[in-house]
Amino acid sequence: MGGDLVVAQSSNPPSLDAMTSSSGASRNITMNVYETLYGFNEKIEPMPILAETVEISDDGLKYRFPLRKGVLFHNGKEMTAKDVKASLERYRKVGATGSLLEPVESIDITGDYEVTLTMKRPTPTFLEAFCSPRAPAVIIPEEDGAAEVNKTSLVGTGPYKIVEFVPDSHVRLERFTDYSQDTRYDGRDGFGGKKTAYLDSATFRIIPEPGAAVAALQAGEIQILDQIPVPAARRLEDNPDIDLYENLQWAFNVFILNTNAPPTDNPKFREAVQVALNMEEIMGISTEGLFNLNPGWVYPGTTYDVGDLASAGYYNQADTARAQALLKEAGYNNEEFTILTDSNIPEHGRSAVVIAEQLKAAGINAVINQVDWPTALKLRMEDTGWNGWTLQMGIEPYLGPVAIMSTLTGKRPHFVKNDEQLDGLYQELITGQTSEERKATFAKMQTRLYETFSIIKVGDSGLMQASRSSVKNFKSFRFPRVYDIWLEN
Amino acid sequence: MGASAEGLDDGLSLRTEMRRARRRRLGQLALRLLNHRSFLIGFVILVFFALVAVFADLIAPYLPNKNNYRDVLTPPSAAFWFGTDAFGRDIASRVIHGTRVSLGIGFYVALLTGIFGTLLGTLACYVRWLDALVMRTLDGLMAFPGVLLAIALASALGPSAINSIIALTVAFMPRTARVVRAAVMVVQGTQYVEAAQAAGAGHGRIIFRYILANALSPVIVQLTYVFAVSVIAEAILSFLGVGPPPPAPSLGNIIADGRTYIQEAWWIAVFPGMAIALVVLGLNLIGDGLRDIIDPRQSSQH
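Line order of the protein sequences matches chains E and V. Sequential numbering of the first sequence, starting at 7, is according to the working numbering. Sequential numbering of the second sequence, starting at 330, is according to the working numbering.
Don't read these hints as lab results, they were simulated from the structure. Computed from a predicted model, the values in this text were never measured in an experiment. All C-beta atoms in this analysis are idealised placements derived from N, C-alpha and C, irrespective of residue type, glycine included. Treat the hints with care, as some may be off.
To be verified - Result set (SDA-like, lysine to any residue): computed pairs, CA atoms no more than 25 angstroms apart in a straight line:
| hint | chain 1 | residue 1 | chain 2 | residue 2 |
| --- | --- | --- | --- | --- |
| 1 | E | Lys-384 | E | Gly-369 |
| 2 | E | Lys-366 | V | Asn-397 |
| 3 | E | Lys-366 | V | Met-603 |
| 4 | E | Lys-481 | E | Gly-319 |
| 5 | E | Lys-384 | V | Leu-486 |
| 6 | E | Lys-445 | E | Lys-384 |
| 7 | V | Lys-395 | E | Leu-299 |
| 8 | E | Lys-450 | E | Leu-242 |
| 9 | E | Lys-384 | V | Ala-485 |
As the list claims (entries may be wrong) - Partial chain E-side listing against chain V, Cβ under 8 angstroms, derived:
| hint | residue |
| --- | --- |
| 10 | Ile-291 |
| 11 | Ser-349 |
| 12 | Gly-355 |
| 13 | Val-360 |
| 14 | Ala-362 |
| 15 | Glu-363 |
| 16 | Gly-369 |
| 17 | Ile-374 |
| 18 | Asn-375 |
Said to hold, decoys possible - Listing some non-contacts, in silico: residues in chain V with all C-beta distances to chain E over 12 angstroms:
| hint | residue |
| --- | --- |
| 19 | Ser-342 |
| 20 | Met-347 |
| 21 | Gln-357 |
| 22 | Asn-396 |
| 23 | Tyr-398 |
| 24 | Phe-416 |
| 25 | Arg-418 |
| 26 | Leu-448 |
| 27 | Met-464 |
| 28 | Ala-481 |
| 29 | Ser-489 |
| 30 | Thr-519 |
| 31 | Leu-569 |
| 32 | Tyr-590 |
| 33 | Ile-591 |
| 34 | Asp-621 |
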């Protein structure tokens, strides 16, 4: 065993300070380096990782986390309650999703290896939110607790440690020889489990050009390709040197409408957009054929699945005539409909092109504003200047309704102007006592989304990954796990 | 001026004679150009693409932006001459329309570069005190490599066809202005210009009738190169995503769409690439021909 592995991904990690970034490009790397108290297992249920367990008081106000003993940081020091408190206090301040600790009144050290969270009010969804890998609440040494964003020593407790970071080029990880395996489990499981670092080193290389990345894979310069274009995967299907991994529930493709700027401030106009779209064509082209049509706002077969509730007559209609009638009703007068999209995530750009053509056919004056991804993120925070925004939501649908709906409610929802009814339902969702109650609330929220048409569900898209066949035991997951895999010639 | 009827007659016949002579010279020039083999080849190529561009709507078998997800990435066939791209769009139709976009941008850049370059070059030379100001400003612009400046400008202005034209014009105009200035300087010192000044001709008449008329040949040659370089530069801008925004079928956009699929669907990038190569070849051949025949510096060497 041993050996050096190279993983290629298209985007540069904006940060390796894991808790401060919700970027997938960062997560791909940092989840091999840092660990959390709790995380999701393969079935998206909370599992203890650095915590022994959690004891929740009957009134739901105290969360007692006993810690695993003998867990070492990459700097050789042992993890104790002090480190955990410092990490969580830092998360509150600089965590990219620091608001998930909002229900927490205080974080107290209740033993050398024990931390207790006291809540302001019972929050039944807290533990799930706390597991979120979006911007993970990782445990770092106490010394880094006061560090500014991106100023930590990049030390974690994971099976690999960061030894080199050259932005826009690569991040090099080396095996952490004193890694404390979690022997409660048989093997890796989701974000936790018993992790075994077989490889001596793993390098994440940034290759923005998909064609170049595929060529590098074929040449054997890289061993794992985080995302391979589907046509290239089809071509390599029969290549004995290449293994392919298909992950069908990878992301939601959505089309967000700006409810603040004309003409999309008019619900009738938005309804016209909804019924004009041909989801099958948008998904087929944007995902290169790797998709499922799904009008619902969770994945089929998951806990909160309410099927195609409320979408009948609205989803995948491709009804130009009805759209035109609605446009007339809305008093639409050929105002420009600007679709914001980017060139970095190919699915975004392709969706925008197909959507624009379909809307033009319905008589909407659609124009595309294609910029780079950071600019798109900036522009969409403007209250006007854009009408539609093509987005792939990766991590939120994986996390479930609370994560999705949190982006659609509050002061600044994705569609700009908040919907009070939806905001109310969100509060009901996060305070629902049982999953049945929460599911009933979620059903109301899905219905509401098909009344306001402020965000349009286009479909579920898959992810195709590839590796050299010398890579053994690799399994597609939310990030490429470089532990528990090895190279064989 | 002679007021007698006879004098007027003489003047008229002299003018007619001059006009005839000019027409004769133009005829000879055309003949010499058509006898120049590389000019002729370039001319035929350019006329072909110009016709394709003008009649794109009639020639193209499909609408250039028509998606068809049942026919994505199909190789060239009778139904799709140049195959289809990842959107199922017909590459032949896109290349035909793309020729219109790219040639259009190239043409306008050459035209605007010509107008502004001539204006500035002439002004700098004719109005002495403006010379240093104008030329140092242009030197400043020329400090940047042309294409790089165009990329920077186009990204600052935002992606659109008009902004591409503006960016490329700004990038290529200084060079043209220099050529004009050099040519004007030579002509300005000639005796016939002094004679015209002595005869009391106005500034406009001197500039247009005597100076520019005799200084334009190197500029025309230069503009064919500007045209060619603009077609390439447009492709570069589009390829980088700062040209006409998608789904506009400019040749650079089509190539950019094809780069991801170069191993699976070579036809997406190859056909527009060939179109660019041919257009640029045509323009360069024309430029070479023109230089051989109308540029006085070159013809004096014969």
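Task: In rising order, the numbers of the hints this structure does not comply with - done: The structure conflicts with hints 1, 3, 4, 6, 8, 16, 22, 23, 24, 25, 29, 31, 32, 33, although it agrees with all the remaining ones.
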